[in-house]
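Sequences are here, hints too, so could you generate the full structure?
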Amino acid sequence: MRSGFLSCVLADFNPFLPIESRPVFTFSVGRWEVAISNHIIMVTVAMLLLVTVLPLAAMSRRQIPKGLGNLIELVCEFLREQLARPILRDRTDRYIGFVWTAFFFVLTLNLLGMVPTEQIIFLLTGKETHIGGPATANIWVTGAMAVVAFFMIHIYGIKEQGLWGYIVNFAPPVPWWLKPLMYFLEIISSFVRPFTLAIRLFANIVAGHMVLATFLGLIVVFKNYQAAVASVAGVVAISFIELLVAFLQAYVFTLLSTLYIGLSTAPEH
Amino acid sequence: MLAIAANGSTVWAIVGAVAACAVVIIAASIGLAIIGGKAAEAIARQPEAGGRIFLAMVVAAAMIEGFTFFALLICFMTVFWMRS
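Top to bottom, those sequences are chains A and B.
Numbering (the numbering used here) for the first sequence: 1 to 269.
Numbering (the numbering used here) for the second sequence: 1 to 84.
Bear in mind the hints are in silico, worked out from the structure with no lab data behind them.
Glycine included, C-beta positions come from ideal geometry on N, C-alpha and C.
Hints are supplied without guarantee of correctness; some may be wrong.
From the derived model, a few chain B residues whose C-beta atoms are all more than 12 angstroms from chain A [what the hints assert, rightly or not]:
1. Ser9
2. Ile14
3. Val23
4. Ile26
5. Ile35
6. Glu41
7. Ala42
Simulated pairs of lysine to any residue, SDA-like, Cα-Cα distance not exceeding 25 angstroms [to be verified]:
8. Lys38(B) - Lys223(A)
9. Lys38(B) - Leu244(A)
10. Lys38(B) - Pro86(A)
11. Lys223(A) - Pro86(A)
12. Lys38(B) - Leu83(A)
13. Lys38(B) - Leu255(A)
Taking CB as the label site, the calculated pair distances span [as the list claims (entries may be wrong)]:
14. Val23(B) - Leu185(A): 21 to 31 angstroms
15. Ala44(B) - Val34(A): 52 to 62 angstroms
16. Val23(B) - Thr52(A): 40 to 50 angstroms
17. Trp81(B) - Leu243(A): 43 to 53 angstroms
18. Gly51(B) - Leu56(A): 24 to 34 angstroms
19. Ala27(B) - Leu259(A): 20 to 30 angstroms
20. Val23(B) - Arg31(A): 45 to 55 angstroms
21. Phe25(A) - Trp12(B): 37 to 47 angstroms
22. Val24(A) - Trp12(B): 37 to 47 angstroms
23. Ala27(B) - Leu243(A): 38 to 48 angstroms
24. Ala19(B) - Pro172(A): 31 to 41 angstroms
25. Phe54(B) - Gly69(A): 19 to 29 angstroms
So this is what it looks like as structure tokens:
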């Protein structure tokens, strides 16, 4: 994106550049200026993709599904039987909707983040836009997902046990003089757990993308073709790890949300 | 050192942050190595449980990496606060 040797390098020296959220266009609503950033666009794209593709693929009435429906059924069945059933037992079918939604949403955002849309657009048209980026590399996006998980945990707990039952069962059974301390600890942990969900996903994706960007930035530092070859080979290898991390972090987010839902809907007596 | 800190020099803060990074990485590596070793031993004892043990190992590794990156982020942010 510069002149000379560096004009054919789709990288930058600053590793933060691919991860930041930059405003793409703004529009004004009344008195306020609303800036639509590239991460908002990625989240919207992921939402539209999931809302259209998943029902279409799951709509086939075959006994043995084929194609994309088969893949989605495989993933959903794995999540329901291997992830949710051991934790939630009889309550699986009530809360499996949230489990599937969380997994597919986080997975789609992570995988869309691995697609280098800005570089592809630059290669095709020669214009620098900042359209794509890993949406989960934004603490607000993962924070919003963690807030949703927080509300779902408490709402499911209240639906399952009733409001008074939920409050009474919030702390484990201990002698009466320990109860205030246990309530204090449980309230703190109910805030800390979604926070760690957000931070874990955010930090993993940011670290992965910064390593990729740093490897590509080495081309800008060394400015010769040997460095470019070694750099791109390293980026390919690390991209495999990043794909694994995308699936793994989606799985861990879903596993922990399911665990917390299980704990809140049926605490150990 | 106190005189330097009172003067507003942030070099030692950056050194401290980077040293903390190193300690965090060492601790995480030891933890992950223990998990990997125990998982390998468990699979050697009972090869037919290999899939489930692998899954448990991978999940535990993801959790440890989670708070490792948390600590690394704090060290990283310290460096950038000191530089700005």
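Quick rundown of the hints versus the structure:
{"no.": "1", "hint": "Ser9", "result": "holds (25 angstroms)"}
{"no.": "2", "hint": "Ile14", "result": "holds (18 angstroms)"}
{"no.": "3", "hint": "Val23", "result": "holds (17 angstroms)"}
{"no.": "4", "hint": "Ile26", "result": "holds (17 angstroms)"}
{"no.": "5", "hint": "Ile35", "result": "holds (14 angstroms)"}
{"no.": "6", "hint": "Glu41", "result": "holds (23 angstroms)"}
{"no.": "7", "hint": "Ala42", "result": "holds (18 angstroms)"}
{"no.": "8", "hint": "Lys38(B) - Lys223(A)", "result": "violated (45 angstroms)"}
{"no.": "9", "hint": "Lys38(B) - Leu244(A)", "result": "holds (22 angstroms)"}
{"no.": "10", "hint": "Lys38(B) - Pro86(A)", "result": "holds (23 angstroms)"}
{"no.": "11", "hint": "Lys223(A) - Pro86(A)", "result": "violated (54 angstroms)"}
{"no.": "12", "hint": "Lys38(B) - Leu83(A)", "result": "holds (22 angstroms)"}
{"no.": "13", "hint": "Lys38(B) - Leu255(A)", "result": "holds (22 angstroms)"}
{"no.": "14", "hint": "Val23(B) - Leu185(A): 21 to 31 angstroms", "result": "holds (28 angstroms)"}
{"no.": "15", "hint": "Ala44(B) - Val34(A): 52 to 62 angstroms", "result": "holds (58 angstroms)"}
{"no.": "16", "hint": "Val23(B) - Thr52(A): 40 to 50 angstroms", "result": "holds (48 angstroms)"}
{"no.": "17", "hint": "Trp81(B) - Leu243(A): 43 to 53 angstroms", "result": "violated (33 angstroms)"}
{"no.": "18", "hint": "Gly51(B) - Leu56(A): 24 to 34 angstroms", "result": "holds (32 angstroms)"}
{"no.": "19", "hint": "Ala27(B) - Leu259(A): 20 to 30 angstroms", "result": "holds (24 angstroms)"}
{"no.": "20", "hint": "Val23(B) - Arg31(A): 45 to 55 angstroms", "result": "holds (50 angstroms)"}
{"no.": "21", "hint": "Phe25(A) - Trp12(B): 37 to 47 angstroms", "result": "holds (45 angstroms)"}
{"no.": "22", "hint": "Val24(A) - Trp12(B): 37 to 47 angstroms", "result": "holds (41 angstroms)"}
{"no.": "23", "hint": "Ala27(B) - Leu243(A): 38 to 48 angstroms", "result": "violated (27 angstroms)"}
{"no.": "24", "hint": "Ala19(B) - Pro172(A): 31 to 41 angstroms", "result": "holds (40 angstroms)"}
{"no.": "25", "hint": "Phe54(B) - Gly69(A): 19 to 29 angstroms", "result": "holds (28 angstroms)"}
In summary, the numbered hints that this structure violates are 8, 11, 17, 23.
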